[in-house]
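Novice: Between the sequences and the hints, there should be enough to build the whole structure, so can you do that?
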Amino acid sequence: MLESGPKKQIPAVSVRSLNCPNCGATVTLRSFGQAINVVCSGCHSILDAQNPQVQVLQQFKVKMKWDPLIPLGSRGKLRGTMWEVIGFQRREIEVDDVTYGWGEYLLFNPYQGFRYLTEYDGHWNYVSPLRSLPEARSTGLNTVRYLNETYKRFQTANAKTAYVIGEFPWQVRFGETYQVTDYVCPPRVLSSEGSEKEVTWSLGEYMSGKDIWKAFSLPGAPPPAVGVYENQPSPLGDTPKKIWRYWFFLFLAALVLQVYNSVTSPEQAVFTHSYTFDTQATGEPSFVTEEFYLKSPDSPVKVETQADLNNNWIYLNYALINVDTGQAWDFSREVSYYSGYDDGAWSEGDRNDSVTLPAVPSGRYYLRVEPEGDKNTGAINYSVKLTRGVPTPIWFVIACGLLLVPAIMLSWRSISFEHRRWEESDSGQPGVASVLSSLVHQSSGDKNDS
Amino acid sequence: MTERTSNCPNCGAPVAFRWSSSVQTVCEYCKSILVRTDVDLKKVGQVADLPPDASPIQITTEGKYGDRAFVVVGRIIYEYEQGNWNEWHIVFNDGKDGWLSDAQDEYVISFQQDIGNLPPPDKAPVGTQFEWKKIRFAVTSRTNAHYAGVEGELPFEYWDKEDVIFIDLRSEQGDFATLDYSEPEKPALYIGKAVDFDDLRLTNVRKFEGW
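Top line first, the protein sequences correspond to chains A and B. By my numbering, the letter at position 247 of the first sequence is numbered 247, and the numbering carries on one by one without gaps. By my numbering, the letter at position 46 of the second sequence is numbered 46, and the numbering carries on one by one without gaps.
Bear in mind the hints are in silico, worked out from the structure with no lab data behind them. Treat the numbers as computed from the prediction; the structure is a model and nothing was measured. Do not rely on the hints blindly, as some may be mistaken.
As the list claims (entries may be wrong) - Not close to chain B: a few residues of chain A, all C-beta gaps over 10 angstroms, as computed:
| hint | residue |
| --- | --- |
| 1 | Ala12 |
| 2 | Phe114 |
| 3 | Tyr178 |
| 4 | Thr272 |
Stated by the list, open to error - Derived lysine to any residue pairs resembling SDA-like cross-links, with alpha carbons at most 25 angstroms apart:
| hint | chain 1 | residue 1 | chain 2 | residue 2 |
| --- | --- | --- | --- | --- |
| 5 | B | Lys193 | A | Lys65 |
| 6 | B | Lys43 | B | Ser6 |
| 7 | B | Lys207 | A | Arg115 |
| 8 | B | Lys133 | A | Glu135 |
| 9 | B | Lys207 | A | Phe216 |
| 10 | B | Lys207 | A | Arg79 |
| 11 | B | Lys193 | A | Glu205 |
| 12 | B | Lys193 | A | Gly80 |
| 13 | B | Lys193 | A | Ser202 |
| 14 | B | Lys193 | A | Ser192 |
| 15 | B | Lys133 | A | Arg79 |
| 16 | B | Lys133 | A | Leu147 |
| 17 | B | Lys123 | A | Glu193 |
| 18 | A | Lys77 | B | Leu200 |
| 19 | A | Lys77 | B | Asn204 |
| 20 | B | Lys193 | A | Arg115 |
| 21 | A | Lys65 | A | His44 |
| 22 | B | Lys123 | A | Glu135 |
| 23 | B | Lys123 | A | Ser132 |
| 24 | B | Lys193 | A | Glu135 |
| 25 | A | Lys77 | B | Arg201 |
| 26 | B | Lys31 | A | Asn51 |
| 27 | B | Lys207 | A | Thr289 |
For every residue, glycine included, the Cβ atom is placed at its ideal position computed from N, Cα and C.
Specialist: This is the structure we're talking about:
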């Protein structure tokens, strides 16, 4: 059985320093015994930190000195843990003869180990080593899955160390090259870094320069972020997705309202009359009806015309006129009906016609009617019926249309942001299809989160 | 139960065993490597100075793995071309033992498995897949390492080995496995999980200057 022994009190592990065997400068070791290599900041000698007295492993001349934006020895709290910057590398890739470089900061905490910060054109990532392997997908090499999220391959390149300073828990060399592949699922990026012996995976989370500056209490302002970075979250977030959801709910609400209106609105016949129009009669065919009253509230008025037609037509010029204000609604209807028997019975037109005038205010009204017809037709019997309170779908259509405007605008902005992201990828053309599919992936990833 | 104590055959200092199944221990005073025999302790070697060490763990550190409490009773320090790592021998309240490895503050708790038919080292290049305990593992690294020091109690004799091949494997669910070829004909398999430093809830850890 287990016995707990006396609590040994070993003194605190102390910070060590050494003198550079090449130039004699003092080199501080901030990671206690963890460093394998340390680079003298005076003469750029790479030293064996485990056995410093004898070994200069490599010395490099640099055309350009890259001072880290966060000085070595700075401490800052990220994700609730205090980290100290102990090493810095500038790494470069070449694409079409153009060199792109980024900074990699090695962070250390004696209990939690190592993390990284990377910086490219003002875009920052907080990077942790991965503990489990990402799942390679059967769909090919262009996506991997990790923790139920799909990452799309963005770029593969050979990253070369172009400048190095500080200490590292591995062998670091100037000019050393590793193949790096990035897979993105904003705001995260999965990176694999490979050699023959070992492939390591890490997970980066996008951070703003402002948050880095705050965490490390750095003076001044961080360098501005240029362009759209591979795993930079869209400034719109999931607003486009949300707004479509809102649009759908508002659409449903409008639809319910519309259906409710049409079911419950009190339809009321306010005027019905039958007339006969003799096309052969001389004299003024137009006439006015008796007055009728349209009650509050403002609502549409349906005008129905029914004519006893047989292979003929009637044309009716209507005006609905307010007795008190003189305001008039002019409209005309053609009603026609033809039928016959050629290779079977046929018919064309309709003896019934209906039209709705939207939102007619309440008041006293009369109808002015002016019929027209073919001289040879003779007498046509027709009737006119006015119904108050007929629901019209016009407001429903307008509402849905207006609601579409912000949804479409936001989606367009979101698509153009994704387009700018994927323009930098080596995964081929950032076609609309790939941009759209990345939007879909993003939303499916969100779904998995919840 | 009382702590089982004997005396160091080299310097006479009292030697206590915290775990009844320990086979080997190191005298805290004269650093003699002592192996238990039926009757007493036998000195089989001497530990040289331990390499500089920055692990926050030490012998007597206590912690939790899930809800199981453990105490650190011994360790092996391995050295390889990229540095060194610690295999801390941990013993649980129920008397079972396991290993807490600390490689640059990446922590894994693992247990030796009783699984036969393990592959020889040349049959397990990086990327090869194996399935043990219904977990699919892929080889992620191969390391040649050698003993660089021992401390405290171990479940076996270990003090003068040559370079040993270690093959590390991982699953897609955060499982770790190590094939240990200390005995090339009879590899040992350890399976475990990566653990967060904070989740280990360690007490009696070392202090670091300035932290």
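Novice: A separate judgement is required for each hint: does it hold in the structure or not?
Specialist: Hints, verified against the model:
The Cβ of Ala12 of chain A sits about 4 angstroms from the closest Cβ of chain B, inside the 10 angstroms cut-off, so the non-interface label is violated. With a least CB separation of 6 angstroms from chain B, Phe114 of chain A falls inside the 10 angstroms interface cut-off, contrary to its annotation. Non-interface call for Tyr178 of chain A relative to chain B: holds, since the shortest CB-CB distance, roughly 15 angstroms, exceeds 10 angstroms. Listed as outside the interface, Thr272 of chain A is consistent with that label: its C-beta sits roughly 78 angstroms from the nearest C-beta of chain B, beyond the 10 angstroms cut-off.
Between Lys193 of chain B and Lys65 of chain A the CA atoms are separated by roughly 42 angstroms; this puts the pair beyond 25 angstroms, and the hint is violated. A C-alpha spacing of about 13 angstroms is found between Lys43 of chain B and Ser6 of chain B, which places the hinted pair at or below 25 angstroms, so the restraint holds. The straight-line distance between the Cα atoms of Lys207 of chain B and Arg115 of chain A is roughly 20 angstroms, inside the 25 angstroms bound, and the hint therefore holds. The suggested pairing of Lys133 of chain B with Glu135 of chain A holds, with an alpha-carbon distance near 19 angstroms, which does not exceed 25 angstroms.
Distance hint between Lys207 of chain B and Phe216 of chain A is fulfilled; the C-alpha atoms sit about 23 angstroms from each other, no more than 25 angstroms. For the hint pairing Lys207 of chain B with Arg79 of chain A, the CA-to-CA distance comes to about 22 angstroms; that is within 25 angstroms, so the pair holds. Distance check on the hinted pair: Lys193 of chain B and Glu205 of chain A sit about 24 angstroms apart at the alpha-carbon level, within 25 angstroms; holds. Using a Cα cut-off of 25 angstroms, the hinted pair Lys193 of chain B and Gly80 of chain A holds, with the two alpha carbons roughly 23 angstroms apart.
Simply put, Lys193 of chain B and Ser202 of chain A have alpha-carbon atoms about 18 angstroms apart, close enough for the 25 angstroms limit, and the pair holds. Among the hinted pairs, Lys193 of chain B with Ser192 of chain A is consistent with the structure: their alpha-carbon atoms are about 21 angstroms apart, no more than 25 angstroms. Distance restraint check for Lys133 of chain B and Arg79 of chain A: the Cα-Cα separation of roughly 35 angstroms exceeds the 25 angstroms cut-off, and the hinted pair is therefore not satisfied. About 22 angstroms separates the Cα atoms of Lys133 of chain B and Leu147 of chain A, which keeps this hinted pair within 25 angstroms; it holds.
Restraint check for Lys123 of chain B and Glu193 of chain A: satisfied, since their Cα atoms lie roughly 24 angstroms apart, inside the 25 angstroms limit. Simply put, Lys77 of chain A and Leu200 of chain B have alpha-carbon atoms about 21 angstroms apart, close enough for the 25 angstroms limit, and the pair holds. Proposed proximity of Lys77 of chain A and Asn204 of chain B is supported: the alpha carbons are some 24 angstroms apart, at most 25 angstroms. Straight-line distance between C-alpha atoms of Lys193 of chain B and Arg115 of chain A comes to about 20 angstroms, which keeps the hinted pair within the 25 angstroms bound.
For the given pair, Lys65 of chain A sits about 10 angstroms from His44 of chain A by alpha-carbon distance, which is consistent with the 25 angstroms threshold. A distance of roughly 23 angstroms separates the Cα atoms of Lys123 of chain B and Glu135 of chain A; the hinted pair therefore holds under the 25 angstroms criterion. Distance check on the hinted pair: Lys123 of chain B and Ser132 of chain A sit about 23 angstroms apart at the alpha-carbon level, within 25 angstroms; holds. For the hint pairing Lys193 of chain B with Glu135 of chain A, the CA-to-CA distance comes to about 17 angstroms; that is within 25 angstroms, so the pair holds.
Only pairs whose Cα atoms come within 25 angstroms are accepted, and Lys77 of chain A paired with Arg201 of chain B is accepted, the gap being roughly 20 angstroms. At roughly 24 angstroms between alpha-carbon atoms, Lys31 of chain B and Asn51 of chain A fall within 25 angstroms of each other, so this suggested pair holds. Straight-line distance between C-alpha atoms of Lys207 of chain B and Thr289 of chain A comes to about 103 angstroms, which puts the hinted pair past the 25 angstroms bound.
Of the hints listed earlier, those the structure fails to meet are numbers 1, 2, 5, 15 and 27, in rising order.
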